[in-house]
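Chemist: Chains as they are written, first to last, in UniProt numbering: chain A, 1 to 418; chain B, 1 to 163.
There could be a bad hint or two in this list.
[To be verified] What follows is a list of derived Cβ distance ranges for each label pair:
| id | chain 1 | residue 1 | chain 2 | residue 2 | range |
| --- | --- | --- | --- | --- | --- |
| 1 | A | 23 | B | 29 | 36 to 44 Å |
| 2 | A | 417 | B | 35 | 20 to 28 Å |
| 3 | A | 60 | B | 52 | 48 to 56 Å |
| 4 | A | 48 | B | 144 | 24 to 32 Å |
| 5 | A | 73 | B | 35 | 32 to 40 Å |
| 6 | A | 276 | B | 125 | 44 to 52 Å |
| 7 | A | 111 | B | 108 | 30 to 38 Å |
| 8 | A | 318 | B | 12 | 54 to 62 Å |
| 9 | A | 188 | B | 144 | 27 to 35 Å |
| 10 | B | 144 | A | 53 | 41 to 49 Å |
[Said to hold, decoys possible] The calculated lysine-lysine pairs, modelled on DSBU-like cross-linking and capped at a C-alpha distance of 35 Å, are:
| id | chain 1 | residue 1 | chain 2 | residue 2 |
| --- | --- | --- | --- | --- |
| 11 | A | 94 | A | 76 |
| 12 | A | 29 | B | 161 |
| 13 | A | 240 | A | 291 |
| 14 | B | 49 | A | 94 |
| 15 | B | 160 | A | 18 |
| 16 | B | 61 | A | 162 |
| 17 | A | 205 | A | 162 |
| 18 | A | 291 | A | 391 |
| 19 | A | 291 | A | 235 |
| 20 | B | 35 | A | 76 |
| 21 | B | 161 | A | 89 |
Simulated from the structure, these hints should not be mistaken for laboratory data. Please read these numbers as outputs of a predicted model, since none were measured by experiment. By construction, the Cβ of each residue, glycine as well, lies at the ideal position given by its N, Cα and C atoms.
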Amino acid sequence: MKRDQTMIEKIFSRASGKDVFAGDYAWLKLNLVAMRDFGGPNVVQEYRLAFGDRKIFNKDQVAVTFDLHIPPRDEKVAVNQQLLRQFAKDQGAKLFDVNTGIGQHILMESGMVKPWDVIIGTDSHMNLLGAVGAAGFGMGTTDVAGAMYKGSLWFRVPETIKMVLNGTMPAAISSKDIILHILSVVRTDGALHKAIEFTGEAVLKMPFHDRITIASMVTEMSGEIGLLEPNDSVKDFLDKHKAGPFDTLTADNDGIYESIMEFDISKLAPLISCPHSPDNVERVTDMKDVKVDQVFIGSCTNGRYEDLASAAGILKGKKISNTVRMIIVPATMEVAMQASNAGLFDIFMNAGVVITNPGCALCTTGHPGILAPGETMISTSNRNFHGKLGKGASVYLASPATAAASAITGYITDPREA
Amino acid sequence: MKIRGRGWCFGDDIDTDQIYPGKYLPLTDKTEMAKHAMEGAEGGMDFIKGVKPHAVIIAGKNFGCGSSREHATVAIKGIGIDIVIARSFARIFRRNAVNTGLAIIEMDEPTRIKNNDDIEVDIITGKITNYSRNEVYNGHPVSPLEMDIMQAGGLLEYLKKMC
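Next up, chain A with everything else stripped away, as it sits in the complex (with noise of 0.2 Å):
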């Protein structure tokens, strides 16, 4: 009789076509390639190196996105993104532009990511497209470049800590409060290498945005991926977004864990993660006088619709305070536009907000946005590394509830009180 798998164990057996488990290795068919303006540049230098004018492995299973420095912000940034539209022309693969949005997104908006598919890039949040079932892994360029002529790369199979999230979410509660009282217990090196699976009621009743959060923050555990057992709010994405048919992806009984984590989550209060560590992580009361002097709500795990929405819903005739500054940037176009649809741009530009076109935005140094030495800011990504958003400044991260109550009073603010 066939051993239970895990939900990894699942995808790599069917994409390496035998039977593995945690701790094999094996070689993986794979269906999407992805490189970005950043990475992408030294992924071709070393393609071409390595294979000259040779064809890439399907031209529609290779994407290139731009999603990091849109629009080049130098000539550098613009002699990189001109090497990328000519090797994407030379090739017919496909290119995402400088008006599209931060390229996970879009290739889940474009129907090119499916449960059990398994996706490369040069992103380092590529597994974010767990959120989809799907395992995504951001490599090295020789590993992109060699997948690019090949179509297939070599893999460990992960051990997988099951994480069960156990109660309802509380109402102002969202899955960026989750996924940092989980790092505050896992910490930053807490599942490295390790694959994740969550289950329990809370992530059944998760929906398809918060997933995206969930997933995209395994990367601060040092986690390979994240993978959520699905709801129907995976299939109606798909289903939108024209993905074609598709298997559900769900763990087998009997797998075996290296370890399984319960949490619960009903008794959860607002929190943030104060500088420097992502897993650094207090209660938002006990934080709320230190002083905010800008705002931002994007990036890849929190620049969903239903994020932005979050934010206005707070936002809605007010304004913020004279002291902060707060830009907000839709993950993608079909966000963005979503969002204007709905009279989020009105509420935001009311409130005194900058608007800026679709990405990654104040993810890094490289957007507009950077702070001055002292300056502090509130933001809605995924990482507070010292350093990474200008000298001497100090980066807190919360969901977007938080960060839109904050920008309204000048200081850290529980959104409850908002």
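Using the hints, position chain B against chain A.
Modeler: Just chain B, lined up with the frame of chain A:
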């Protein structure tokens, strides 16, 4: 396949910033990169001055932990190291070693090997012979899949030969 050379010993938890300091990340020329191999580790400058081609690095646990830079394996290979023996390797360093064709092997008690010992490693069977001390150790070779890539000279060379 056997690799023979003189041992050069380092400690536990040698991270990639010790193997290849971050300030040299902009370098792209492999010969230049090799001049900084192990520069940030204790005794690194002596290593750079004194190491002879076909030497063997001996290290403790978790060799290559820290950031994922491929420069680390490229620099070690470039300075003339044919194989690294460690109690264990950090996962990303291990992947990078395989992908760039740097031979690696794990053994349980690397401290039995001392500086300048004459070491021979059979990378397939895992047999490690210390001619200076007349000792033989059982190393743990990488998986057959990794071995194929490593022996081809790295991932891209391997794929070129396959296709």
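Chemist: For which of the previously enumerated hints does the structure constitute a violation, in increasing order of number?
Modeler: 2, 7, 10, 13, 14, 19
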